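Note that the protein sequences, when read in sequence, are chains A and B. Counting in the working numbering, the first sequence runs from 1 upward without gaps. Counting in the working numbering, the second sequence runs from 1 upward without gaps.
Treat the hints with caution; some may be incorrect.
[Stated by the list, open to error] Here are the simulated BS3-like pairs of lysine-lysine, each with C-alpha atoms no more than 25 Å apart in a straight line: (1) A:Lys239 x B:Lys12; (2) A:Lys300 x B:Lys51; (3) B:Lys2 x A:Lys234; (4) B:Lys12 x A:Lys135; (5) A:Lys23 x B:Lys2; (6) B:Lys2 x A:Lys135; (7) B:Lys112 x A:Lys242.
Since the hints were made in silico from the structure, they are not lab data. Here the structure is a predicted model, which means the values were calculated and not measured.
One-letter residues, chain by chain:
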Amino acid sequence: MTLEFKNAYIKNNYTLIGRNEHKIQIKTDANLNDYYDEEKSVEQAEAKFQIKSIENLIKKEKLDFKDIDVLIGGDLQSQIFASSFAARKFDLPFLGIYSACATFVEGLISASNLLDNKINNVIVTTSAHNLASEKQFRFPIEYGALRKKVNTFTATGSVSALISKKPTNIRIETGTIGKVVDLGYNDANNFGACMAPSAAKTISEHLNDTKRTIDYYDLVLTGDLGIYGVKILKEYLKKEYKIEANNVMDAGSILFEKNELTTIAGGSGPVCLPLVLFGSILNENYKKILLVGTGSLHSKTSCNLGESIPSVSHAISLEVLK
Amino acid sequence: MKLEEYKKIVNKNSGKEDKFKNVFISFIIGGFMGLLCQMFCTFLNKEIGIKIEDASMYTTIMLIVVSSIFTGFGFFDKVVSFAKCGLIVPTTGFAHAMTSAAMDHKSEGIIKGIGSNMFKLAGSIIIYGIIVAFFLALIKGVI
Numbered sequence: 001m002t003l004e005f006k007n008a009y010i011k012n013n014y015t016l017i018g019r020n021e022h023k024i025q026i027k028t029d030a031n032l033n034d035y036y037d038e039e040k041s042v043e044q045a046e047a048k049f050q051i052k053s054i055e056n057l058i059k060k061e062k063l064d065f066k067d068i069d070v071l072i073g074g075d076l077q078s079q080i081f082a083s084s085f086a087a088r089k090f091d092l093p094f095l096g097i098y099s100a101c102a103t104f105v106e107g108l109i110s111a112s113n114l115l116d117n118k119i120n121n122v123i124v125t126t127s128a129h130n131l132a133s134e135k136q137f138r139f140p141i142e143y144g145a146l147r148k149k150v151n152t153f154t155a156t157g158s159v160s161a162l163i164s165k166k167p168t169n170i171r172i173e174t175g176t177i178g179k180v181v182d183l184g185y186n187d188a189n190n191f192g193a194c195m196a197p198s199a200a201k202t203i204s205e206h207l208n209d210t211k212r213t214i215d216y217y218d219l220v221l222t223g224d225l226g227i228y229g230v231k232i233l234k235e236y237l238k239k240e241y242k243i244e245a246n247n248v249m250d251a252g253s254i255l256f257e258k259n260e261l262t263t264i265a266g267g268s269g270p271v272c273l274p275l276v277l278f279g280s281i282l283n284e285n286y287k288k289i290l291l292v293g294t295g296s297l298h299s300k301t302s303c304n305l306g307e308s309i310p311s312v313s314h315a316i317s318l319e320v321l322k
Numbered sequence: 001m002k003l004e005e006y007k008k009i010v011n012k013n014s015g016k017e018d019k020f021k022n023v024f025i026s027f028i029i030g031g032f033m034g035l036l037c038q039m040f041c042t043f044l045n046k047e048i049g050i051k052i053e054d055a056s057m058y059t060t061i062m063l064i065v066v067s068s069i070f071t072g073f074g075f076f077d078k079v080v081s082f083a084k085c086g087l088i089v090p091t092t093g094f095a096h097a098m099t100s101a102a103m104d105h106k107s108e109g110i111i112k113g114i115g116s117n118m119f120k121l122a123g124s125i126i127i128y129g130i131i132v133a134f135f136l137a138l139i140k141g142v143i
């Protein structure tokens, strides 16, 4: 299912990262030093991250809250706690969304779609907190569970983007809503392998719908497959869909490049993709970019029930005019 | 694509654990822990004059206290990521599981947070430990 957008542009963004991400090579607006950020718990801290990123985005753009029509937010906590609790601070119509790590792209698709109505400015926001999501999905924080090589590390931070009708140099051109894919794979340590089939399906459907080849894009940026996940994606695309993809990069594996965390497969979480997009990719010379947000739709209960891990990927294509 | 075929692609492209190295490190660290505890136990027995049964109990308590404090200061998980099962299998792992769960849920209050979540991981060790102990005692009693 691919939608075409006539008048959706990314106007501005605000990125904020946590303590573990300080050494990453990409540009951000703010680096926080404290996992708690003066809050009582990491969950509340994550909500505060979102509040900060939304407030600062509006300040950066010199707008007022009454100029914003809708706020779309999502995160990894149960009942999207951080987004809902950030939204209560603002007097804005709020849509809460969840697609795990594909949340940001889902938000961009929803926002671009809203802009075809009488709406002018939409803020899409997302956040993740390493400690909160480890507690949510994996083990207690300080529990010395051994990380495998295929494990990814949830990046801490929050990203807000202002999507507007007013033309800028980054146009959101099309959006593809992905299908939920489940091959029956059930290793909750290897998220790259869980999500690669859905990324491949979304890419192939996007190319079919738009009648393009993969070489049309200068870059296909996937969300958080990790260094092994990208390799799996490339081979799977070739075998299953006969697509030879040499222009695929993964935001998760870029994020923690040259970092002390190199023993793991890369970063993960909904902030990975927007952090790398705004902090690095958009500053380089890519004209046509396909963003593929990859989300693994499991929960702790579903894993304990012995269910396999379904995943969903959404894609949008960006046109960067210089 | 069938799951088996997909698993082949996954296995080909995923990073492999160095099992031999992991086992070797665990063996050395685990053995070293055993040596350390035996020295402590003997010290208590010979130098301070505590009975050998009591001395071994004090040694276990010492292990639990030290590893819980390490957990609290936030570097036990870093040590474990190097030492692997050499530190998870001894009582240190058990103490660590309880302390980390308690710390994790501290912000949710004493009753609903710490109290109800502390045994999250350790609970299964205790309950199945008791069941196994019961049957072993039964076998011993019959024989």
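Has the given pair, B:Lys2 with A:Lys234, been kept, meaning a C-alpha gap of at most 25 Å? 17 Å, holds
Just to be careful, I want the Cα atoms of A:Lys300 and B:Lys51 compared with a cutoff of 25 Å; is the pair within it? The given pair, whose Cα atoms are some 47 Å apart, is violated under the 25 Å limit.
25 Å limit on alpha-carbon distance, applied to hinted pair B:Lys2 and A:Lys135: This hinted pair is violated, its Cα atoms lying about 33 Å apart.
Hinted pair, alpha-carbon criterion (25 Å max): A:Lys23, B:Lys2. Please report holds or violated. Violated - the C-alpha atoms of B:Lys2 and A:Lys23 are around 41 Å apart, more than 25 Å.
Does the alpha-carbon distance linking B:Lys12 and A:Lys135 stay inside the 25 Å limit? The given pair, whose Cα atoms are some 31 Å apart, is violated under the 25 Å limit.
Given the proposed pairing of B:Lys112 with A:Lys242, does the C-alpha separation stay at or below 25 Å? 54 Å, violated
Distance restraint between A:Lys239 and B:Lys12, which requires alpha-carbon spacing of 25 Å or less: Cα-Cα ~14 Å, so holds.
In summary, the numbered hints that this structure violates are 2, 4, 5, 6 and 7.
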